[in-house]
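Take the sequences, apply the hints, and build the full model.
Numbered by the numbering used here, the letters in the sequence shown go through residues 1 to 120 in order.
Any given hint could turn out to be false.
List time: in silico BS3-like cross-link candidates among lysine-lysine, alpha-carbon distance up to 30 Å [as the list claims (entries may be wrong)]:
#	residue 1	residue 2
1	Lys61	Lys75
2	Lys14	Lys69
3	Lys60	Lys14
4	Lys60	Lys75
5	Lys14	Lys75
Cβ-Cβ distance ranges computed for the label pairs, FRET-style [said to hold, decoys possible]:
#	residue 1	residue 2	range
6	Pro73	Asp42	33 to 43 Å
7	Asp72	Phe115	25 to 35 Å
8	Arg89	Thr59	32 to 42 Å
If you are wondering where the hints come from, they were derived from the structure by calculation, not from laboratory data. All figures in this text were calculated on a predicted structure; none of them were measured in a lab. Don't be surprised by glycine CBs; every beta carbon is placed ideally from N, CA and C.
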Amino acid sequence: LLVLVAVHRDDHDKDIERLAERLLGYRVFPDTEGRMNLSVRDIHGGLLLVPQFTLTADTKKGTRASFTKGADPDKAAAYFDQLVAACRRELETVETGQFGANMQVSLTNDGPVTFWLDTS
Numbered sequence: 001l002l003v004l005v006a007v008h009r010d011d012h013d014k015d016i017e018r019l020a021e022r023l024l025g026y027r028v029f030p031d032t033e034g035r036m037n038l039s040v041r042d043i044h045g046g047l048l049l050v051p052q053f054t055l056t057a058d059t060k061k062g063t064r065a066s067f068t069k070g071a072d073p074d075k076a077a078a079y080f081d082q083l084v085a086a087c088r089r090e091l092e093t094v095e096t097g098q099f100g101a102n103m104q105v106s107l108t109n110d111g112p113v114t115f116w117l118d119t120s
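Take a look at the structure:
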């Protein structure tokens, strides 16, 4: 699974643990009947966790996004590292993007679904 990760200024340690549990247990892969009943943990799959602070953007007004809802970079980097560690405790394959880097990430969307998981 490709997971774009944003940390909100109001996120707490418990939010990181909750997000890890949801990522590992969310049922998005098909079972033998084609229903989304299996998690990345169930299929022994992997994660690519990519920090993406722009997901916290407030775009309700104006013509430029506001990022005031995002956590400050030190907090966001620490929480991202905690999320990676929590996922690696339970899943063998967990790769990451680099926090604060200009990354080139490609996605081939194999299926009709994209989910927004929120811990608030």
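Verification of the supplied hints:
| no. | hint | result |
| --- | --- | --- |
| 1 | Lys61 <-> Lys75 | 27 Å, holds |
| 2 | Lys14 <-> Lys69 | 18 Å, holds |
| 3 | Lys60 <-> Lys14 | 28 Å, holds |
| 4 | Lys60 <-> Lys75 | 25 Å, holds |
| 5 | Lys14 <-> Lys75 | 14 Å, holds |
| 6 | Pro73 <-> Asp42: 33 to 43 Å | 35 Å, holds |
| 7 | Asp72 <-> Phe115: 25 to 35 Å | 26 Å, holds |
| 8 | Arg89 <-> Thr59: 32 to 42 Å | 35 Å, holds |
In this structure, every one of the numbered hints holds.
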